[in-house]
Amino acid sequence: MATHESAAHASHTHAAPQGFIRKWIFSLDHKVIGLQYYFLALTAVFVGMFLSLLMRIHLIWPTATLPFFGEIKPETYLSLLTMHGTIMVFFVLTTAPQGGFGNYFLPIQIGAPDMAFPVLNMLSFWTTFLGFVVLLAAFVVTGGAPLHGWTGYAPLSALQSAGPGEGLGADLWITSIAIFCIGALMGALNFITTTLDMRAKGMTMMRMPLTVWAWFVTAILGLLAFGVLLSAGILLLMDRNLGTSFFVPLVTVNGQLTGHKGGSPLLWQHLFWFFGHPEVYIAILPAMGMCSQLLSVFSRKPIFGYKAMVYAIMTIGFLGFMVWHEPLHRFCFLDHDHGHWRPVGDQDIQLAGHAHGRADSIHVADAFCHRICVSLCDWGNQRTVPRAARSGHLPARDLFRDRALSFDYGRGVDLRNIRSNVLLVPEDVRPHDERTVGEAAFLAHVRGRVRDFHAHALLRHERGVAALLTIHGSGLHP
Amino acid sequence: MGLVLLVVIWLITLVSTYFFVAKTWWLPAGASAAAAGIDHHFTVSFYLMGFVFVAAQLVLGYLVWKYREGGSSQKASYSHGNTTLEVVWTVLTTILFVGLNLASSSIWAAERFRAAEANAVPVEVTGMQFAWYFRYPGPDGKFGLTKPELEDASAGSEAALGLDAHDPASKDDVVSGVMVVPVNREIEVILRAHDVIHSFFVPSMRFKQDAVPGLAIHMHFTPIQTGDYEIACAELCGLGHYKMHGMLKVVSQEEFDKWLAAREAEKQ
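Protein chains in written order, with our numbering: chain A, -4 to 473; chain H, 4 to 271.
In short, the hints are calculated from the structure, not lab data.
Any given hint could be a false lead.
To be verified - Residues of chain H clear of chain A, computed beta-carbon distances all greater than 10 Å:
1) Leu17
2) Lys174
3) Tyr232
4) Tyr245
5) Lys252
6) Lys270
Said to hold, decoys possible - According to the in silico footprint, chain H covers these stretches of chain A (three or more CB under 8 Å from chain H):
7) 21 to 29
8) 32 to 44
9) 156 to 162
10) 225 to 232
11) 308 to 321
Stated by the list, open to error - What the simulated footprint calls covered on chain H by chain A, stretch by stretch (three residues with Cβ under 8 Å from a Cβ of chain A suffice, anywhere in the stretch; the number is not a length):
12) 149 to 162
13) 198 to 207
14) 258 to 268
Beta carbons are placed, not taken as given, at the ideal position from N, Cα and C, and that holds for glycine.
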């Protein structure tokens, strides 16, 4: 450990670089890289705001002709919407709080000379920058920017024929996101290593400022989430350009067969929201850390309930993942749990605890507003699991049995309804008997006996598709 | 400064609360059997959260003012926290959230996991860029076979769905561009999509579910009031998403039977 530390330190005692290019472009200094990230985010936020402005102009004067721009057509509006969302989520909300503030302050706050891997740090910034350039390029290619929204739901995002902008523009969009993921992964590695390995003597984990805790947990979230999104992006690119069908079932666009078959639109949503839900916390956790720290400093008091805050940050991170299927409810999922809002609530209240010190607590109001609003908006998506449906026991051989299974699930639970709610296997690879695969998926759920069964279901999905393709290759809509 | 902050915090709270209390922009009246339960749950969540929100903001504004810089002569107290307080608010929020979840689970399950009644009217709803088609199985109670290669969107109706005329079950299938259903009967909706994801949303019925290509999603609702209701696509589905409307006509049982018979006759 001692040699490791001294070696690590030796590599960080680089002299201050002279000259503009060494200092500001190929910089290895965490503060400069922090500023680079910050200014990238600042540029992105202005681009995003400009797009938002165009959308609002269109909403107020739908037929107005703008100088240099012409009339904003419906497809242009959707492109603006897509690009605005993507820029704001990736290049502002993910970039500024973590890449910008984190890079600048984390080493200072834990007494480290720099980030653990300065070259990797430089690379992660320039990779992110490249991602931004590729994204903006979508505006100038034939067909323009994509119109599938920032969530890029397949099959809309996977089919070139699904709309204007779904050609090269959509390819650039998904490439940009993949590049961003690589940059974010490198950044996350750096943050985690630095926090674990380069704290000054005496700076134990439970003495770290809450900002550092927030950046640390955010980095862990990023490491897990961006890897998944990267692979999803690669699969989507393959669907779009190599004729694979990961996310596209047998579909027709305007009555024309697309040549795709057997994919699952829900698979994209799982992979996307496995990034997308933690992303909410990737964006908000650093801000929460900063709120706590600033409140504590300006009210001249120690953190109110420091340990509880640390555990709340960790719990938010953990639950942020566990509820990744929350946004999928309208599509078909069983479970819902707003449990992850609870630790967030705790944080808010603890922030309020500071308020009886000094007056710097307007953020508390923000935090409250945010939580209450989101809770209200989500009122409809509440949790439910048919308890009776969980009590079934079945041998494995029944999994792909041909005929409908007759079970008494009690309380009149209808297999058909449950099927459509757990089903990841698309209809077009289903045997004629509509029920069997649905049951297979359902039974996978029952047998798995895990509430968050989707990961299992995904595995079973692959096996199921493989098995079913051999059983029956061409079942169409019944 | 403390006073300004207090005024701003209270003003934001009051103004935002006003818009909700005055119902300046509210839900359309519910017209399905489940609407009352859903609205009730909405109202309960709304008042509970509203109460917590207003109370928290009022206290916050007060504290911001009371402990403003230079406003109070007493020294700031030194505290690392208060375990009792933390346990209390953690338990309270847990009870609130778990309670709301439990209260709503039966509402969610009722339209999804509970089987549709035996005499429910089955209607297959198909979304495609950028129209809704509604199919009724006819007297035989069976939906005929559809084939993607037979689809012809420009021809509309049966052809748009790719209905296979060789299948005996498809002979009496009725396809309509308007969703006509009888009042006070349960409607079993079978949702499909041809191309991309669409979302079948009828605000007045408090009914919303995505139509996903490759899946047939079963849900059910019971309209309890006759009238015309808007169906809107609620999932971004491409260029014409903004104009992807449909119409739900809820009529009496006799009118429904008459309409269906007329459509059958037209087909022959």
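Inset, instruction - Against the earlier hints, flag every one the structure doesn't satisfy and list their numbers going up. - result: The structure breaks hints 4, 7, 8, 10, 11, 14; every other hint is satisfied.
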